[in-house]
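Engineer: If you want the building blocks of each chain, they are given just below.
2 protein chains.
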Amino acid sequence: MKQSTLFTKTRREAPADEISKNAILLTRAGFINKEMAGVYDFLPLGLRTLNKIISIIREEMNALGAHEIFMSSLQRKELWQRTDRWDDKSVDTWFKTNLKDGGELGLGFTHEEPISNMLEQFVSSYKDLPFSVYQFQNKFRNETRAKSGIMRTREFIMKDLYSFSTDVAQHEKFYNRVAQAYRNVFDRTGIGHLTYMTRASGGSFSKFSHEFQTLCEAGEDIIHITDGGKKEAVNKELGDGVGEAHKAVEVGNIFTLGTRFSDPYLKFKNEEGKEVPVFMGSYGIGPARLMGTIVEALSDDKGIVWPKEVAPFRVHLIALGDVKELADEAYKTLEAKGIETLYDDRDARAGEKFADADLIGIPTRVVIGEKSLESKTLEVKERTSEEVKYMTIENLIAELKK
Amino acid sequence: MKQSTLFTKTRREAPADEISKNAILLTRAGFINKEMAGVYDFLPLGLRTLNKIISIIREEMNALGAHEIFMSSLQRKELWQRTDRWDDKSVDTWFKTNLKDGGELGLGFTHEEPISNMLEQFVSSYKDLPFSVYQFQNKFRNETRAKSGIMRTREFIMKDLYSFSTDVAQHEKFYNRVAQAYRNVFDRTGIGHLTYMTRASGGSFSKFSHEFQTLCEAGEDIIHITDGGKKEAVNKELGDGVGEAHKAVEVGNIFTLGTRFSDPYLKFKNEEGKEVPVFMGSYGIGPARLMGTIVEALSDDKGIVWPKEVAPFRVHLIALGDVKELADEAYKTLEAKGIETLYDDRDARAGEKFADADLIGIPTRVVIGEKSLESKTLEVKERTSEEVKYMTIENLIAELKK
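Same order as they appear, the protein sequences are chains A and B. Heads up: take any position in the first sequence, counting from 1, add 2, and you land on this note's numbering. Heads up: take any position in the second sequence, counting from 1, add 2, and you land on this note's numbering.
These are computed hints drawn from the structure, not numbers from a lab. Do not take every clue at face value.
Said to hold, decoys possible - Between beta-carbon pairs, the in silico distance windows are:
(1) Gln83/B to Lys98/A: 48 to 56 Å
(2) Glu106/B to Arg351/A: 57 to 65 Å
(3) Val93/A to Glu106/B: 54 to 62 Å
(4) Thr7/A to Gln83/B: 29 to 37 Å
(5) Gln123/A to Ala357/B: 15 to 23 Å
(6) Gly105/A to Glu342/B: 37 to 45 Å
(7) Glu61/B to Glu331/A: 39 to 47 Å
(8) Ser203/A to Gly353/B: 46 to 54 Å
(9) Gly204/B to Asn178/A: 42 to 50 Å
(10) Glu273/B to Gly323/A: 20 to 28 Å
All values derive from a computational prediction rather than experimental measurement. From the three backbone atoms N, C-alpha and C, an ideal C-beta is built for every residue, glycine too.
Construct all of the structure, not just a fragment, from the sequences and the given hints.
Structural biologist: If you want it as structure tokens, here you go:
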């Protein structure tokens, strides 16, 4: 993408109404726009990164054999009343609205109720089980503390996966596979080394659940690391004060629901011919929260530092001086080789271009200056290093394809 | 995908509460699930088709040079008050809701207000123009007549494109390019031969707009075809009764907004240094409405007929009898060649499998029966033809790759 075609512009100053590092950097770099507290738009660079995170999660969900669906935001009151989650006394984050032709609706904050209801028409026998379905779907939560940028918002895309099993044994097999898939997601998005599978409260459904917690000063949770090598921890809420205490952000959770949402509605005939409720699990990752956590955990004083797999572009190509022809050619070559490139073709000073590149945080910066015209070499620098290398475009491509 | 892993099942009977052909067929075939009147979930097959339509539209938008963004559903009252579109008297399809910590919000039915507001921070000079941005984003409309299946719903993904130009001349150049991009979308999704670029009222913004209208008995509009060869028509609402009258569904619209949403907020300095409002256009396609229109316009008495480019799978492979090994191998070969295949590996009767295949509507049906074990040929039939051909898998793949 030619940077001159990008309608967003970077800002030097932090927005006055933001206190979180992720909101400040993502706004300054032109990734997001604030509509109101806890509500953000994703601008071109931001949407590219968000979609890369979504693609990684989708690949891991598909590898589990889960099928993707897309459910509605609008929710029927009746479904939530029967599980006692409609009343604001039991769930205090509902957004509710009204139909013109009568009746109150909710905006979904999760989907256990509608999905188990939808499945009643399809599940009747143990032969229909197990299976799992997931979606990337806009959730709404009427948050009163929306001060953490894109990490805690009133509207956000959530990857929610639901599993349906005959019994706890079948469930646990799948649950453990999801745990591994989640580890893969955090490894691939560049925060695996900071992320701990953390035992946490199971709420009203079961004794325990597991959270994936990423070490980060902005975290709202405290975890105690119990096994650093295996990346295992315990949430402080369990009262288990063993091991070092750290601030952490919950980037995912996996949950044994049991029959809380299936009994007495979603039932099947087991091998003995007896009608029993389906055994359920639910598993969440918020892609934007993950994106915010990456910014919080990895950025430096110059700006964002994106891991390769989630960066909006792989290369930031910067033209300095009277080098249009050579730089245009390098841009075309990189794109033709499938290397996603943000090409700074703007008429701007070197200092401004370098500061923007550091702020935007693309992994590899490639400068073409007037010296390149003779030497035919490019100046290559990684975002995380001060070392500058000079290489031909062929060598650069070979390096990037490694 | 192995059909045995699909949690959805086909139904013989039409759902009692649906009257539209698209809702009946898509529900019976397991593509959608109704949450309430005008609110549907997309199940695995349905989401695959919806995503193919979205991909085609995205390619055409990117070819225009438009950049993709993703804005919020939650809307600030103030932005809509200043353009006089907040009050229920001026817009009667709002869903509204309330923040826990005070204040009324709306759920966006379109995005002219927030997008022009967002751009105020980025646009200051004629050098920043022209550009265009688009999104696939969930819209909400509080419809009272929600009886047309997925063609008129209370919640739906919309592709909305907005253009920003210095003046009407620059605008019109882009507007004409969008018209061609829209024609490409309808050609590629298989309804181009039925779709007319139709002059319609410009509402309160300008004298005319253009709709893309697809001939279809379920249509709520009447168009008069003025040039069949050029696929041009006029909407009856213009009072222009020339040419044959036909029922049609509006599958897209393109709109000159002028300065209705920019003046006096989104302004720029023109070449003479004078501050003037940006000249805007907006352009919509509802992917689910398009999907519903395809079903309405192309299905037959046996079920849905998907055009190749939007079918959930390219091939429906059906195993009959004791042929598991050969059929598994054919499935692996097709998938390895990049041919998306729904593999009916279920233990079911031939009649049931054939009826399901006709209902689901995948373009090419490939049967492996016990005769195939000796002959090594597959029985190949197009959904739209009665003719059966026998061919080896190599020939089939060559045929499909043409």
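Engineer: Compare the structure with each hint and give your call.
Structural biologist: Now for the hints, and whether the structure bears them out:
{"no.": "1", "hint": "Gln83/B to Lys98/A: 48 to 56 Å", "verdict": "22 Å, violated"}
{"no.": "2", "hint": "Glu106/B to Arg351/A: 57 to 65 Å", "verdict": "46 Å, violated"}
{"no.": "3", "hint": "Val93/A to Glu106/B: 54 to 62 Å", "verdict": "21 Å, violated"}
{"no.": "4", "hint": "Thr7/A to Gln83/B: 29 to 37 Å", "verdict": "33 Å, holds"}
{"no.": "5", "hint": "Gln123/A to Ala357/B: 15 to 23 Å", "verdict": "19 Å, holds"}
{"no.": "6", "hint": "Gly105/A to Glu342/B: 37 to 45 Å", "verdict": "40 Å, holds"}
{"no.": "7", "hint": "Glu61/B to Glu331/A: 39 to 47 Å", "verdict": "26 Å, violated"}
{"no.": "8", "hint": "Ser203/A to Gly353/B: 46 to 54 Å", "verdict": "53 Å, holds"}
{"no.": "9", "hint": "Gly204/B to Asn178/A: 42 to 50 Å", "verdict": "60 Å, violated"}
{"no.": "10", "hint": "Glu273/B to Gly323/A: 20 to 28 Å", "verdict": "27 Å, holds"}
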